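Undergrad: Given the sequences, and given the hints that come with them, work out the whole structure.
Protein chains: 2
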Amino acid sequence: MGVIGGGQLARMMVPAAVALGCRLKILSGEPDVSASGFAELVTGDWRDPCVTTRFAQGCDVITFEHELVPDDVYPALERSGVPTLPLPTTMRNASNKVTQRELARAAGLQVADHEVVSDAAELANAVDRFGLPLVAKRISGGYDGRGLTWLRSADDIDRMGASLAGDPVLIEPELSIDAELAVTVARRRNGEHLTYPVVRTFQEDGICRSVIAPARIHPHHARSLTAAAVTIADQLDHVGVITVEAFLVDDELYLNELAPRPHNSAHYTIDACTTSQFENHLRAVLDLPLGDASMVVPAAAMANVIAAGEQAVWPSDVELPPRTSIHLYAKRYRPGRKVGHVTVTGHDPTAIERIATAIADKLSSPGERSDDPVGSPKGASA
Amino acid sequence: MGVIGGGQLARMMVPAAVALGCRLKILSGEPDVSASGFAELVTGDWRDPCVTTRFAQGCDVITFEHELVPDDVYPALERSGVPTLPLPTTMRNASNKVTQRELARAAGLQVADHEVVSDAAELANAVDRFGLPLVAKRISGGYDGRGLTWLRSADDIDRMGASLAGDPVLIEPELSIDAELAVTVARRRNGEHLTYPVVRTFQEDGICRSVIAPARIHPHHARSLTAAAVTIADQLDHVGVITVEAFLVDDELYLNELAPRPHNSAHYTIDACTTSQFENHLRAVLDLPLGDASMVVPAAAMANVIAAGEQAVWPSDVELPPRTSIHLYAKRYRPGRKVGHVTVTGHDPTAIERIATAIADKLSSPGERSDDPVGSPKGASA
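Protein chains in written order, with the working numbering: chain A, 1 to 382; chain B, 1001 to 1382.
Since the hints were derived computationally from the structure, they do not count as laboratory data. Small disclaimer: the values here were computed from a predicted structure and weren't measured. Note that the Cβ used here is the ideal one computed from N, Cα and C, for glycine as well. Worth double-checking, as some hints may not be accurate.
[Stated by the list, open to error] Here are the simulated SDA-like cross-link-like pairs (lysine to any residue), alpha carbons at most 25 Å apart as the crow flies:
no., chain 1, residue 1, chain 2, residue 2
1, B, Lys-1362, A, Arg-189
2, B, Lys-1025, A, Gly-29
3, A, Lys-362, B, His-1193
4, B, Lys-1362, A, Pro-289
5, B, Lys-1025, B, Arg-1092
6, A, Lys-338, A, Glu-180
[Unchecked claim] Partial list, computed: chain A residues near chain B (C-beta under 10 Å):
no., residue
7, Ala-16
8, Leu-20
9, Leu-24
10, Ser-36
11, Glu-40
12, Thr-275
13, Arg-283
14, Asp-292
15, Ser-294
16, Val-297
17, Trp-314
18, Asp-317
19, Val-318
20, His-327
21, Gly-340
[Stated by the list, open to error] Under 7 Å between C-beta atoms, here's a sample of chain A residues computed to sit facing chain B:
no., residue
22, Arg-11
23, Gly-21
24, Arg-23
25, Gly-37
26, Gly-291
27, Val-296
28, Glu-319
29, Arg-323
30, Leu-328
TA: So, in C-alpha cells, the structure goes:
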C-alpha cells in the first residue's frame, strides 16, 4: 500500500500494516520524517503529479495521511490506474471548507453563517454583515489550527485584507463554543461502516491538547453527531476513516471541520478499542471486513505531547502510571509541535485526563533535569 | 536497536519501536523474512561472529528474537563494545536445557529426572533407568517443539541411538501432564520487574495451538510459578522479557522450558494488556521504566494460525467477531508453519478460545472457497 505523506499518521499506520500482513511504501517531501525507518520511503514532492504517479506504480493501492495534495495530482493518480482510496473526488470534496459545509447541512448539522471573500472589499462587506469577532479559514489545505486566523480587531481585518491576494478564504462569526466534539467513522467501498464513540476534545491556541472518550454529553447529541457523520461519509462515498469535528453551541451541533483520514482525536483508539482507527483505515482501503470499533475499557484520555522547546525528551526518567501508554513520533522538537501522545485508560474521565496531561507535560520538555542534555531523540538511530 | 533474527517476533517488535520513538535494524539469514519492510534489514549469517560484529556497529544496543546464536558469537559481540541485552551469559544459560533445570530447581520448581546422553550405550542406560516413554531434548537450539523427540518404542530408541553422533541430548521421562502453563516476566538491568498473568497453553503435535489468559488454576500455583519465574530472571540477571513454561503434574509445577525473549504464549498481551511483551522487552533493553503489564480486559484467548497447506489466505472473506484482532506474519504458507495469530478478549475463557480457534482455522487454509486462488500473501507487496 502506498501512502502519500510520512508524518506521524503514516507512522501509526505501521502497526496496522504489521497486523494485516501488508507493507507500506511512503511518499514524503523529505527523508527524515516520522515514518522513516518503518517503510520503504520514497523522497519526492507529492505536489508534483509526475512524482506522485511514478510513486504509485508498484503499489496495490494509494491512500493519504493528509489532505494537502493539490487538485491536479488526483487526475494524474486516476490515470495511473492504481486505485486511490479515499477516491479523488472524496478527497477534494472533504477537504474543501465550502463543500464541507454543504455536506454537513445536508446531514442535519448546523452550519455557521459564512462568506467566501477574495479581497479587502469583500472582507469589509463580511465584517459589516457579521460584526466581530470572526474566523478566517483557508478553503483547503488548512488543518489542526493551521490556516485559521482569528479576526478580533480592526488591525486584524486590515492585516487579513492586505494578505488576500485573490486567494479566497471562508469567513464566519466566531461561535461561543460550549464543547468541541469529534466522531470517527470507518467506511468500506460497499457502504459497510462502523463508528467510534463521540469524543470531547480540548484545544489550546488552536491545537488539540487532550481528548476524552467517550464524551460525557447528552446521548441525543452523540446519536445526532454520529448519524450526521455516517451520512457525510455516505454522501462522500468515503473509503477509510473520516472524522467530523463539531462545536456544541447553545445545545446545537455545528460543523467545525472534516478530515478524510486518521485523526488526532481518535488516537486513543490504539489503546482503547479492539481495532484502532489506523487499522480500520487500512482495512477499508484494502477492502477487508472492518474490525470492532468499540472500546474495551470504560474510558480513555489522550493528551498530545507538544514540544515546549527544541530539546527532545528521552523517556528514561518517565515512570508510567498504571494503564498509561506513550507514543512518540521521533520528530525533532520545535516549540508547539506535536511530537507524541499519551493515552490513559480507566473509569474516571477527569482523573485519567489529568494523568495523561501530566505525563504529556513531562515529555514535552526536559524541565529542570537538564543534567542529561539530549539533542535529538536517542531512538532516532538504530 | 539491533535485532538478531527477522521472524515474526522481530516483526512484532516493530509496533513497540513505533511507540517508543526508536528504530530497528535487523540481522537475518535471508532477505524475505517476516520483519522485512518494517526495519533496516541486513542480510547475513548471524552464526558468523564476523557478520554479527559488523552488524552491531552503528547500533545503540543489540537484542535477540531467538536463542539460536552459537556460543562463539557472544564473545565477539562483547568485544564489539555494543551492549548486548539480554547479556551473553544470560542467553547462554537460559537456552541450555541442563542449566535451565538447575535454575528451575533452585527457584523452587520441580524438575523431572533426567540424564544427558551422547551415544547409544548411554541412551540404553537411561532407558534402563527410566523405562519408556521418554522425551529427548536437544541441549540448546531447540524451541517450540523443534529439537524434541518422543521415545515410545524400541524402534524409537534404535533410531535415536543411531543419530547420537556424540551430540549430547537430554533424556527425561514423559510426564503425565494435567496442564501446560506459562508466565512471562519483564526485567530491567536494575532488577525492576513486572509479571504478566500466568496463562494456560494448549499444544497439538508439539506446537502451541491456543492460549487462555489468565489460566484458571489454583491461585497458589499461579503465585508459585510467578515467584519461580522472577527468581529465575534474577538468577540469570536477565534483561528483557523471559517466559517460563511449566507442566502441572499431580498438583506440582515442573519446569518445561525457558525462553529469554518474547514468547508465543504472551502474544495475547498485544491486545489484552496496557503494555505488550514486545514493548516491555524493548523498554527493558533500552533501560526505560517498564509499562503496566496488567490486563485491561477480564480474559483473552489467543489461537495460532497454523498453515494447513501452501496456499495463503488473504483475510478479505474473514469477518471479525466483536473483540477479535488478527495478526498476520506475511510468511509463506507451509504445512504446520505458524503464519499468524488471532486474539479475542472477553469474559468467558472457553467461549473466546472457541472463537479465536475458529477464526484461526479460517486463516489457516482457503478451505472450500478456492475460486480466488492466492499464491502468496497479497500484502507482501506494497
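Undergrad: Would you mind marking each hint as holding or not holding in the structure?
TA: Now the hints, each set against the structure:
1. With a C-alpha separation of about 23 Å, the suggested pair Lys-1362/B and Arg-189/A falls inside the 25 Å cut-off, and the hint holds.
2. With a C-alpha separation of about 23 Å, the suggested pairing of Lys-1025/B with Gly-29/A holds against the 25 Å cut-off.
3. As the CA atoms of Lys-362/A and His-1193/B are separated by approximately 23 Å, the hinted pair is consistent with the 25 Å bound.
4. A distance of roughly 14 Å separates the Cα atoms of Lys-1362/B and Pro-289/A; the hinted pair therefore holds under the 25 Å criterion.
5. Restraint check for Lys-1025/B and Arg-1092/B: satisfied, since their Cα atoms lie roughly 23 Å apart, inside the 25 Å limit.
6. Using a Cα cut-off of 25 Å, the hinted pair Lys-338/A and Glu-180/A holds, with the two alpha carbons roughly 19 Å apart.
7. A cut of 10 Å between beta carbons decides the hint on Ala-16/A: the least distance to chain B is about 9 Å, and the hint holds.
8. Contact between Leu-20/A and chain B, as hinted, is supported at the beta carbon level, the nearest pair being about 6 Å apart and thus within 10 Å.
9. For the restraint placing Leu-24/A at the interface with chain B, the shortest Cβ-Cβ distance is roughly 7 Å, inside the 10 Å limit, so the hint holds.
10. Interface hint status for Ser-36/A: upheld, as the beta-carbon distance to the closest one in chain B is roughly 8 Å, under 10 Å.
11. About 6 Å separates the beta-carbon of Glu-40/A from the nearest beta-carbon of chain B, less than 10 Å, and the hint is met.
12. Below 10 Å, beta-carbon pairs count as interface contacts, and Thr-275/A has one with chain B at about 7 Å; its hint therefore holds.
13. Proximity of Arg-283/A to chain B holds as hinted, the smallest CB-CB distance being about 9 Å (cut-off 10 Å).
14. Interface restraint check for Asp-292/A: the shortest CB-CB distance to chain B comes to about 5 Å, inside 10 Å, so the restraint holds.
15. Using the Cβ-Cβ criterion of 10 Å, the hint placing Ser-294/A at the interface with chain B is satisfied: the shortest such distance is roughly 7 Å.
16. At about 6 Å, the closest approach between the beta carbon of Val-297/A and any beta carbon in chain B falls short of 10 Å, and the interface hint on this residue holds.
17. Restraint check, Trp-314/A versus chain B: the minimum CB separation of about 8 Å is within 10 Å; hint holds.
18. Annotation: Asp-317/A was flagged as interfacial toward chain B, and the flag holds, the nearest CB pair being 8 Å apart, inside 10 Å.
19. The interface hint given for Val-318/A holds, since its Cβ lies 7 Å from the closest Cβ of chain B, which is under the 10 Å cut-off.
20. A least Cβ separation of about 5 Å between His-327/A and chain B falls short of the 10 Å threshold, and the interface hint therefore holds.
21. At about 7 Å, the closest approach between the beta carbon of Gly-340/A and any beta carbon in chain B falls short of 10 Å, and the interface hint on this residue holds.
22. Look at Arg-11/A: its Cβ gets to within about 6 Å of chain B, closer than 7 Å, so that hint holds up.
23. The beta carbon of Gly-21/A is positioned within 7 Å of a beta carbon in chain B (closest approach about 3 Å), and the interface hint is therefore held.
24. Interface hint status for Arg-23/A: upheld, as the beta-carbon distance to the closest one in chain B is roughly 4 Å, under 7 Å.
25. The beta carbon of Gly-37/A comes within 4 Å of a beta carbon in chain B, closer than 7 Å, and the hint placing it at the interface holds.
26. Because the smallest distance between the Cβ of Gly-291/A and any Cβ of chain B comes to about 5 Å, under 7 Å, the interface hint for this residue holds.
27. Below 7 Å, beta-carbon pairs count as interface contacts, and Val-296/A has one with chain B at about 6 Å; its hint therefore holds.
28. Hint status for Glu-319/A: holds, given a least beta-carbon distance of 5 Å to chain B, under 7 Å.
29. Hint status for Arg-323/A: holds, given a least beta-carbon distance of 5 Å to chain B, under 7 Å.
30. Here the hint on Leu-328/A is kept, as its CB sits about 3 Å from the closest CB of chain B, short of 7 Å.
The structure agrees with every numbered hint stated previously.
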